[in-house]
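Chemist: Please model the entire structure based on the sequences and the hints provided.
Residues per chain are reported as follows:
Number of protein chains: 2
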Amino acid sequence: MKNEFYHYAPRVKRMTASIIREILKISSRPGLISFAGGLPSPDSFPLKEFERAVRDTVRLDGIRALQYTLTDGILPLRNYLCRWLSKQEIVVEPPNMLLTHGSQQALDLLGKIFLAPGDSVLVENPSYLGAIQCFNGYEAKYVTVPIDDRGLRIDKAEEKLKSHKVKFIYVVPTFHNPAGTTMDVPRRLNLIKLAKKIDVPIVEDDPYSLIRFKGNWVPSIYSLAKGKGVIYLSTFSKLLSPGIRLGYVLAEKEIIAKLVLAKQAADLQTNTFIQYAVYHYCQHGYLEKHIPTIIRDYAHKAGLMLAAMEEFFPKEVKWFEPQGGMFVWTILPEGLKASRVFQKSIEQNVAFVDGSVFFANGGGENTMRLNFTNSSDSDLRLGISRLGKVIKSFL
Amino acid sequence: MKNEFYHYAPRVKRMTASIIREILKISSRPGLISFAGGLPSPDSFPLKEFERAVRDTVRLDGIRALQYTLTDGILPLRNYLCRWLSKQEIVVEPPNMLLTHGSQQALDLLGKIFLAPGDSVLVENPSYLGAIQCFNGYEAKYVTVPIDDRGLRIDKAEEKLKSHKVKFIYVVPTFHNPAGTTMDVPRRLNLIKLAKKIDVPIVEDDPYSLIRFKGNWVPSIYSLAKGKGVIYLSTFSKLLSPGIRLGYVLAEKEIIAKLVLAKQAADLQTNTFIQYAVYHYCQHGYLEKHIPTIIRDYAHKAGLMLAAMEEFFPKEVKWFEPQGGMFVWTILPEGLKASRVFQKSIEQNVAFVDGSVFFANGGGENTMRLNFTNSSDSDLRLGISRLGKVIKSFL
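As you go down the protein sequences, you meet chains Z and W in turn. Per my numbering, numbering through the first sequence is continuous, rising by one, with the last residue being 429. Per my numbering, numbering through the second sequence is continuous, rising by one, with the last residue being 429.
If you're looking for bench data, these hints aren't it; they were derived computationally from the structure. Check before you lean on any hint, since a few could be wrong.
A pair counts as met if it fits within one copy or between any two copies, since identical chains are not told apart.
The list that follows gives simulated cross-link-like pairs (lysine-lysine, PhoX-like), each with its CA atoms no further than 20 angstroms apart [claimed, not checked]:
{"hint": "1", "residue 1": "287", "residue 2": "59"}
{"hint": "2", "residue 1": "260", "residue 2": "230"}
{"hint": "3", "residue 1": "287", "residue 2": "47"}
{"hint": "4", "residue 1": "175", "residue 2": "196"}
Modeler: Printed below as a string of structure tokens:
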């Protein structure tokens, strides 16, 4: 018998469980090799350095770190981040910045200030699942544009935008999640031009760009546009810890003011204690010192996964070789559904994400997202060899 | 020239700055005596005990405390809270609980799952500003019902509900914010009956009930209803620290499942590190040990403020004597606007909150909310004496 006592808002129909969060639930299953999550390598967490930062917080900030603070975020940390971002050619002042509970919260606040039911967002096809789920909660529609190894197909975007109105353009241009690809500079410049022409902002989600283990640095869309018309999101999740839930948004002051209002209503402010702890962590130079460690670790793990894929996957399977980030995007032969592969591979204790979940309007049934950062060296090889066998059994 | 580049969702028109958060910005002004915030006394923060809990987290949980975790919250802390709540006659299991970034986030998630634009909420008049702001973001309307010294006027609620449909009933029944009053048991039982009759849930916001310094304990609406049809919110903000942003919701499993989906989209999960730290804090028995300290401190400060009000306020001013919580609700003579008093008192370096902001549909211009927890003993007396002079100057 269905409980009919509770009467929900229509948007609830659009809220569905994240398959990735569901897989996280089984990830503690003994023996499971999971290529599913977007979990950073636990070896990459700078526990000792973070502990020192936490001690400094207690010693130097004391009760201030336990009290309420401003919604925008504590000034010392925003100041530090502004100086730090200038090394990435991002010129920004504290009033252009809001600290959030992870960049997921920034997505949610953006949805809240921009999206009315039925509004459309232009997204890459595939796109980040967390963003799609978040915008679903605002009853958004999607205009999907394919990507290739140079990122978003601007020509296709232009075509679609002739007949579709969107509220903003959402992209993960560097080490795309799930596709691993990076948008090149000419396309970034063309995207800025296109967005300006149709008069909509670009939302640039950039959690991974500092984790580059191959190829040359590419400036952010935000820096190329000098911050005009671009909203930039980043996070400490991949550089320090995802468990501390700390991210930030950069945008024009007008947008930040609106986001601050939305954040007041959402949770008043970001965790004061964690803000001070991360500030001390940064002040000690740990953030900059730690990044090369992560890069070395991830380069190593990506190399192992790619080598194993070469060795164990049948030649009919294709993939994008990432230059950074955490994922290898894999394309099965046309007609072979990743969901069928998953059913069999989970019996072999190997998990991954069925790529179709990243396609906002459906499709991509023959794609898989493989994460290489959260498995041991031996599990990377063992998991891929098992997965290779499972795939071969379907061919 | 107005920037017309950004096109916001209609709900943005309803988002306004919290006057209380605005006042927080000036609260560091030298010499300011602020009765405005809802800031706990900084003397009440158990810094040393929290430091020990943080050290335990690093030592015992290590990298687990920095990694992603389940959206619902870590099980050890939910288990602890269930045992702890049973001492308050609240019978609840972990699947009935979701940990949130403060109870403000719980309000936001409830707004998200229940409120479509134009839906109504029954609120006390006055009501908690953070809730009103939060529901405003979902384009809610309000059915307001007056309160007296025994809490919500159930008779008036019944009357209003004959002609108005609401999605839920939102109350702060114990040590009300801003009014300081507590709903008695007969009214709690009648409210449960009424809500059942009209088939809507009650949202019980309970941040203060453990900070009782006078009178007898009153069971929560949640416990009286045995959890049926009631959603209960509470927080560590007033018992440990507001800066750590940790709260929780209790509800029927069906509701928790919906809230979990909304939370995944909002910020994935609550801070892992803080959850473990608070778990160790609780395990050491610090939570229970610390509450009497807060009560003693607040009883003392409330006493000082009330005595100063007796001494310095003209007899035309009335107030509710609170038995717990953080506020004295004060009523100026009819026709004297608190906003005019504020203008003059801020010149004297004394801040408070104009009570009209707590009236969801307007009104209450002659009311003020005075907080006694965040001022020194001498400032309490000095501030009230100045405020008394300012009020007298209008009579």
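Chemist: What hint numbers does the structure not satisfy?
Modeler: The structure breaks none of the hints.
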